[in-house]
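Colleague: Spelled out from the first residue to the last, the chains are:
2 protein chains.
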Amino acid sequence: MRMNFKEHVISTIKNKNSAVCVGLDVEPGKIPAVLKNEKNPVLKFNQEIIAATKEYTAAYKPNLAFYEQTGIKGLECFEKTLEFMGGDVIKIADAKRGDIGNTSKKYAHAFFEHFSCDAVTVSPYMGEDSITPFLEKEDKGVFILALTSNKGSFDFQMQKMADGRYLYEFVIEKINSWNAKKNCGLVVGATHPELFEGIRKLAPDLPYLIPGIGAQGGDLENTVKYGFVKNDVLSLVNSSRAIIFASDGPDFAERAGEEARKLRDQINKCLK
Amino acid sequence: MRMNFKEHVISTIKNKNSAVCVGLDVEPGKIPAVLKNEKNPVLKFNQEIIAATKEYTAAYKPNLAFYEQTGIKGLECFEKTLEFMGGDVIKIADAKRGDIGNTSKKYAHAFFEHFSCDAVTVSPYMGEDSITPFLEKEDKGVFILALTSNKGSFDFQMQKMADGRYLYEFVIEKINSWNAKKNCGLVVGATHPELFEGIRKLAPDLPYLIPGIGAQGGDLENTVKYGFVKNDVLSLVNSSRAIIFASDGPDFAERAGEEARKLRDQINKCLK
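Listed in order, the protein sequences are those of chains A and B. With the working numbering, the residue at position 2 of the first sequence is 35, and numbering never jumps. With the working numbering, the residue at position 37 of the second sequence is 70, and numbering never jumps.
Just so you know, not all the hints are guaranteed correct.
A pair holds if it fits inside one copy or across any two, identical chains being indistinguishable in the list.
[As the list claims (entries may be wrong)] Subject to a maximum C-alpha distance of 27 Å in a straight line, what follows is the list of computed DSSO-like cross-link-like pairs (lysine-lysine): (1) LYS263 - LYS193; (2) LYS207 - LYS184; (3) LYS138 - LYS47; (4) LYS77 - LYS305; (5) LYS295 - LYS215; (6) LYS69 - LYS49; (7) LYS305 - LYS295; (8) LYS77 - LYS106; (9) LYS170 - LYS184; (10) LYS87 - LYS234.
Hints in this document: simulated from the structure, not taken from any laboratory. This structure is a prediction, so every number in the text was calculated from the model and none was measured.
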């Protein structure tokens, strides 16, 4: 029997003893000079980063924008990067997709079938029928944008609804009702640690993908204190730039590995 | 001097005497049998559809999901389809993207620089800094999801905020404030014709991209009556399936041309 997505997240974090997600947001201009003569420097970079961080990492999250910016070549790199990850990590396409039902169905096919990802990030603005096509198979999951890590999260997500709740709370409540197959998760930014306690009460049962640690300045300690469910660790803490661009020298992979290990240890220490 | 995006929409609609946008949402399984032996049936289909409809069409809108579903091959087809359109139509990437600032910047590069599109559809959920990277050049525009054509539009967009407005009205007001370079537009679904009058009052100055006519059952007459600005026609009415799959026989392109012409004439009649 296949595990549902929630069980997959829990068991991967347990097996790896790590709740770290490494964001593979690779800017071609930032590739270390030592790789410049490679046939495909970005792919080689990703492969070396994955090899060096895998021991300390439960999930990888390539953001599609960084691959689409170079068109077909970038998508080839995305595909080969996913292949290189192997089977013992959670592969998250950070795509923030969402469209009318028959179109979301195509996106679900793209990411789950064609690229064999385990999860996709999606935007809730278009409502239930834009999300449900991603939820058909219990072993494939979505992380739905709830409260994001950026300044723009104040524009709509943190506006009050008629019943006094914030929009993001309203969204989370809806998401709970879409979770029959235990394959919904939330994106919640670490830049809002003061809100984590309330969010975990609203959605005690969902896996969280937590960006905003590192370059964006999020608060790790409170994030783990309030955003995590401790017995079955359910949250993944993403770090991109702070890990993958820890060094631009020939030691870039080694340093990325160190940063991933450090983040794993920091999270595990907070969990105790 | 380059035209801003709003002027580009107005002048293209005027030059073409048409407010029709053809949605190139091509399902490989629906390609007419007559093209099955082509080297690239989907690309050949798109090229024949474009050649047959171009006289009656102001804009083309390929939806990325339909291309991404076949991965690299699909993206190649997307790229070649855009090249085939030529310069006298508005090229809209229906991508519904949106991410934190440094990531949206990459998407803007992908669609505006790499693929040379004129406009992208984007989702507002992540707020201002997720949209502004798309607005840097005045001749490149966005159509921001305001009130979409699907059932899910009731889940969040049509929920009331604390001040009594609907979320979509709140979103539209924000968008007005982002429009310094006259390159913002709205996506407003034709399935909500009773709301068009109010929406046009909220945003008298923005180009609209209007899906939902045809297969989704939207109301053309009221859409044109209330959603259009008549002196400078500012709205594009999209139809996908009803045009491109009008016939699955050898006459598929001819029939698509007829349907595009018919829609153009219906809109122009309503405009009188």
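Colleague: Against the structure shown, which of the earlier numbered hints fail to hold, in ascending order?
Modeller: 1, 3, 4, 5, 6, 10
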